[in-house]
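Q: Listed below, chain by chain, are the residues.
Number of protein chains: 2
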Amino acid sequence: MTKTLPLSDHSQKFASPVSTAFLDRLAQVLASRQILLTKAQREAYAWDNTGIRAVPDCVVLVENREQVVGVLRLCNDMDVPVIPRGAGTGNVGGALASFGGLVISTQRMNKIVEIASDDRLVVVEPGVVNGELQTALSSYGLFWPPDPSSSKSCTIGGNIAMCAAGPGAVRYGVTRDWVLGLQAVLADGTVINTGGRTSKGVVGYDMTRLLIGSEGTLAVVTQATLKLAPKPTARRLSRVVFSSVAAATKAVAKLMTTASPPSAIEFLDGASLNLLRQESDLLIPDDGRAMLLLEVAGGKDDIANQAQEVSQCVALFSPLEQTTAVGSEEAEEVWAARYALSPILKKMAPKRINEDVVVPVSKLSLLIEGLEDIAADINIPIINFGHAGNGNIHVNLLVDPDDPVIMAKVKPALARIFKLVLKLDGSLSGEHGVGTQKREYIEWEVGRESLLLQRSIKTVFDPKGIMNPGKIFPNM
Amino acid sequence: MTKTLPLSDHSQKFASPVSTAFLDRLAQVLASRQILLTKAQREAYAWDNTGIRAVPDCVVLVENREQVVGVLRLCNDMDVPVIPRGAGTGNVGGALASFGGLVISTQRMNKIVEIASDDRLVVVEPGVVNGELQTALSSYGLFWPPDPSSSKSCTIGGNIAMCAAGPGAVRYGVTRDWVLGLQAVLADGTVINTGGRTSKGVVGYDMTRLLIGSEGTLAVVTQATLKLAPKPTARRLSRVVFSSVAAATKAVAKLMTTASPPSAIEFLDGASLNLLRQESDLLIPDDGRAMLLLEVAGGKDDIANQAQEVSQCVALFSPLEQTTAVGSEEAEEVWAARYALSPILKKMAPKRINEDVVVPVSKLSLLIEGLEDIAADINIPIINFGHAGNGNIHVNLLVDPDDPVIMAKVKPALARIFKLVLKLDGSLSGEHGVGTQKREYIEWEVGRESLLLQRSIKTVFDPKGIMNPGKIFPNM
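Line by line, the protein sequences give chains A and B.
With the numbering used here, letter number 10 in the first sequence gets 10, and the count goes up by one each step, no holes.
With the numbering used here, letter number 465 in the second sequence gets 465, and the count goes up by one each step, no holes.
By construction, these hints were calculated from the structure, which means they are not laboratory data.
Warning: the hint list may mix true and false statements.
Subject to a maximum C-alpha distance of 25 Å in a straight line, what follows is the list of computed SDA-like cross-link-like pairs (lysine to any residue) [unchecked claim]:
1. A:Lys254 with B:Lys254
2. B:Lys231 with A:Ala15
3. B:Lys231 with A:Tyr140
4. B:Lys423 with A:Ile380
5. A:Lys254 with B:Arg65
6. A:Lys423 with B:Arg65
7. B:Lys254 with A:Ser311
8. A:Lys300 with B:Arg235
9. A:Lys300 with B:Lys231
Every beta carbon over 10 Å from chain A, so not counted as near; a handful from chain B, in silico [what the hints assert, rightly or not]:
10. Leu37
11. Thr38
12. Ala40
13. Asp77
14. Gly131
15. Val174
16. Arg209
17. Ala246
18. Ala271
19. Ser280
20. Asp286
21. Gly298
22. Gln322
23. Pro401
24. Asp403
We treat Cβ as the ideally placed atom computed from N, Cα and C, and that holds for glycine.
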């Protein structure tokens with residue numbers, strides 16, 4: 001939110017990871033090259049995608065499970081906070097040492113342990129990069145569906161910690177749908193295994209899904225068994241422009257109830273189109289107020305049929321223009337426009353606020369109208385685009401965090417946005433998570449009783465509270 | 001297993017639900033017609049699909065959430081065990097008052113609260129019958145994918161408690177993949193809401209999936225928001241006979257890596273085929289040792305293509321015979337043969353033991369071979385069939401529980417079966433769960449550390465341990 005972290009009692013009760021006593025014992029677990037202590041070294045782990053900087057007191061680069069066990073046991077023993085970190089591409093401060101402590105980077109645990117194509121699964125260490133995994137799988141005709149926009153750099157461990165997703169979620173679901181089993185280390189060094197290698201299994205509680213999306217507050221994942229899907233051999237992308245948001249969102253609802261919905265349904269609002277008119281070569285009709293990017297995916301034989309069905313469905317909602325990219329180059333140009341939005345916004349407002357709220361598909365139109373009202377009221381541009389098939393919209397407030405007049409308006413505006421989303425039966429985050437950035441709002445969504453229950457569950461895993469303190473949970 | 005329940009300390013520490021003090025207070029929560037106390041009334045809730053009988057001390061028929069809150073608060077206050085129960089179709093004793101206590105039946109909470117077809121979701125009370133929900137949804141062109149064989153009578157609440165599944169899981173996944181949110185009441189009467197109405201959401205821990213499959217040990221579900229799928233408009237079923245299990249299971253592995261795997265992949269072993277030869281009119285080649293039932297589902301336009309692709313893939317594994325039922329009547333005949341197996345087995349061995357183990361698809365052949373060895377060693381027929389696309393096999397030991405010589409061999413044989421399954425990287429249950437029947441084996445699969453952690457999580461939800469005591473967890 002406001003780039004100023006709320007004060008937290010978490011910063012008080014813990015010990016420093018740079019005492020001589022701690023470092024002496026740490027040197028028994030790790031080689032000195034794995035322990036980063038200089039300011040320059042630590043600053044390389046001080047950032048994520050929020051724009052906030054939080055320099056950790058110490059960074060360790062673990063290389064195997066035994067080292068994770070050793071580091072956690074030591075930290076637990078000496079009350080040192082541990083912040084698990086993948087590639088640092090998160091959007092809510094989850095991987096930041098916001099209240100000090102030791103960052104445990106799993107980036108060097110980057111082995112693909114086993115590809116079992118007959119069983120449609122892969123076993124990986126947490127530091128494997130999402131995009132590199134996809135490359136390794138492609139010769140088997142398989143892929144791992146979670147596709148966050150940071151896939152070229154984000155790690156599987158980070159994907160699991162945050163329950164990551166992307167445009168493909170509309171067809172394939174999110175990270176929690178594509179993990180069969182985990183190996184994880186608890187705060188006291190205990191190793192647990194969850195799930196397994198089968199696509200079904202109901203023995204005991206669903207510990208796998210309890211860890212997925214827990215943002216490093218319960219355990220450090222040291223190995224994951226991922227479920228794979230057959231990779232579509234053909235894709236086709238359509239760009240459809242509408243004269244109103246309502247028409248576009250009605251088309252989305254209709255598409256989602258057809259027999260085979262598109263594999264991606266991306267939405268861009270009027271403000272996004274204005275940006276693209278200014279900043280890209282894309283030709284967009286003047287009266288266009290909303291755009292959908294609709295991708296179908298499948299086999300070479302059925303792709304034309306699928307595209308035609310989508311086109312016929314969309315035609316019911318009187319689009320201004322409907323074009324289909326047949327070749328992959330053309331398609332890449334269209335995707336490029338969608339993916340250009342984030343960098344354009346970053347250039348215009350380097351510290352923009354990016355919320356990823358989600359509402360039921362039938363409420364998308366009301367959401368966008370409400371956001372337009374709020375933008376007009378506070379006179380701050382709000383650009384909205386995202387994964388409309390899931391009702392998941394990225395709401396971008398173009399603010400200058402150094403302007404106190406603007407920033408005074410932002411916090412109440414965010415509260416209005418979140419209240420609007422919850423009134424529309426939505427959720428405050430579809431894929432980014434809570435971290436430090438939404439923890440003061442989480443109670444609005446899940447309720448106090450559930451939040452207290454969740455905090456008690458955390459205490460079962462982590463009695464001393466050393467695991468990523470100050471994330472997810474507000475001071476209560 | 002052996003139909004004799006292990007002694008449990010759970011039977012000792014609780015109070016009776018039929019004391020005057022308890023019944024006086026219960027009468028303030030429920031009308032007298034909702035409280036069943038006569039032996040005849042209670043016996044109607046004494047059974048499930050295990051063949052075990054366990055007569056509860058008291059049965060209450062709750063009609064709304066407030067009554068669930070009232071009953072749980074009272075039971076928690078007075079240390080009375082509570083056994084949540086749907087339709088009693090479970091296979092592991094989960095809904096039985098195995099150690100005495102009060103059965104809380106949710107069958108009268110059977111309202112479909114809302115069908116929101118634009119958002120592809122439905123809101124139901126827990127007592128709604130799975131099959132009745134499907135009927136209500138069919139006019140919207142939607143369905144709820146979990147399809148246990150008991151779908152005509154089992155309830156959504158039971159499906160959620162056990163994370164139920166059926167043949168469709170190979171394409172659609174299991175109950176945990178089709179629930180968006182829950183409303184549930186904890187032991188002390190606290191009401192929590194989990195998840196929501198959106199297909200994405202990462203705010204806080206995944207409490208929805210923690211409750212799914214928890215077998216009534218954490219909370220009573222009072223409302224569920226279910227995700228729906230577009231209902232295929234056409235189906236086609238093939239019956240393929242092989243001369244060896246290995247050929248059939250290799251075909252399964254291959255089918256699972258094709259671009260669009262079948263919507264059902266059911267397997268029948270040689271012993272199952274022998275039974276069908278004796279007990280049905282189905283003509284099966286004499287040298288047939290394994291059969292697959294392969295269903296494709298989709299739109300009317302692509303169904304023939306899909307069936308052809310499946311047929312071509314299967315042909316690589318030299319089937320003895322491959323027939324495709326074109327009309328739905330023909331298909332029903334083939335399914336009828338598959339579904340006739342359970343009643344045939346029930347007739348032959350009324351108290352047969354039915355385990356639903358699961359292994360990775362590539363290990364199916366080794367599993368069946370191992371099971372054949374065990375059957376030969378102990379000279380007890382073992383019939384194996386099930387959801388091969390998930391590696392989920394129903395292992396049926398045809399035993400007479402009144403024959404002490406046979407029963408003495410069963411327990412070690414089950415232990416051998418479970419050890420074989422775990423050696424093949426499998427799970428002890430794909431869809432039936434643990435209940436009382438597998439609790440002494442659960443530690444073999446999940447490990448002591450995870451089991452202790454899970455028991456601590458239960459204690460967070462249910463500090464006094466009144467929720468379905470003696471289920472899932474062994475005496476530790």
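Q: For every hint, state whether the structure bears it out.
A: Hint check:
no.	hint	result
1	A:Lys254 with B:Lys254	violated, 35 Å
2	B:Lys231 with A:Ala15	violated, 57 Å
3	B:Lys231 with A:Tyr140	violated, 30 Å
4	B:Lys423 with A:Ile380	violated, 61 Å
5	A:Lys254 with B:Arg65	violated, 34 Å
6	A:Lys423 with B:Arg65	holds, 23 Å
7	B:Lys254 with A:Ser311	violated, 33 Å
8	A:Lys300 with B:Arg235	holds, 22 Å
9	A:Lys300 with B:Lys231	holds, 24 Å
10	Leu37	holds, 33 Å
11	Thr38	holds, 35 Å
12	Ala40	holds, 34 Å
13	Asp77	holds, 18 Å
14	Gly131	holds, 21 Å
15	Val174	violated, 6 Å
16	Arg209	violated, 4 Å
17	Ala246	holds, 13 Å
18	Ala271	holds, 23 Å
19	Ser280	holds, 28 Å
20	Asp286	holds, 30 Å
21	Gly298	violated, 7 Å
22	Gln322	holds, 22 Å
23	Pro401	holds, 24 Å
24	Asp403	holds, 30 Å
Figure legend: structure checked against the earlier numbered hints; hints not met, in rising order: 1, 2, 3, 4, 5, 7, 15, 16, 21.
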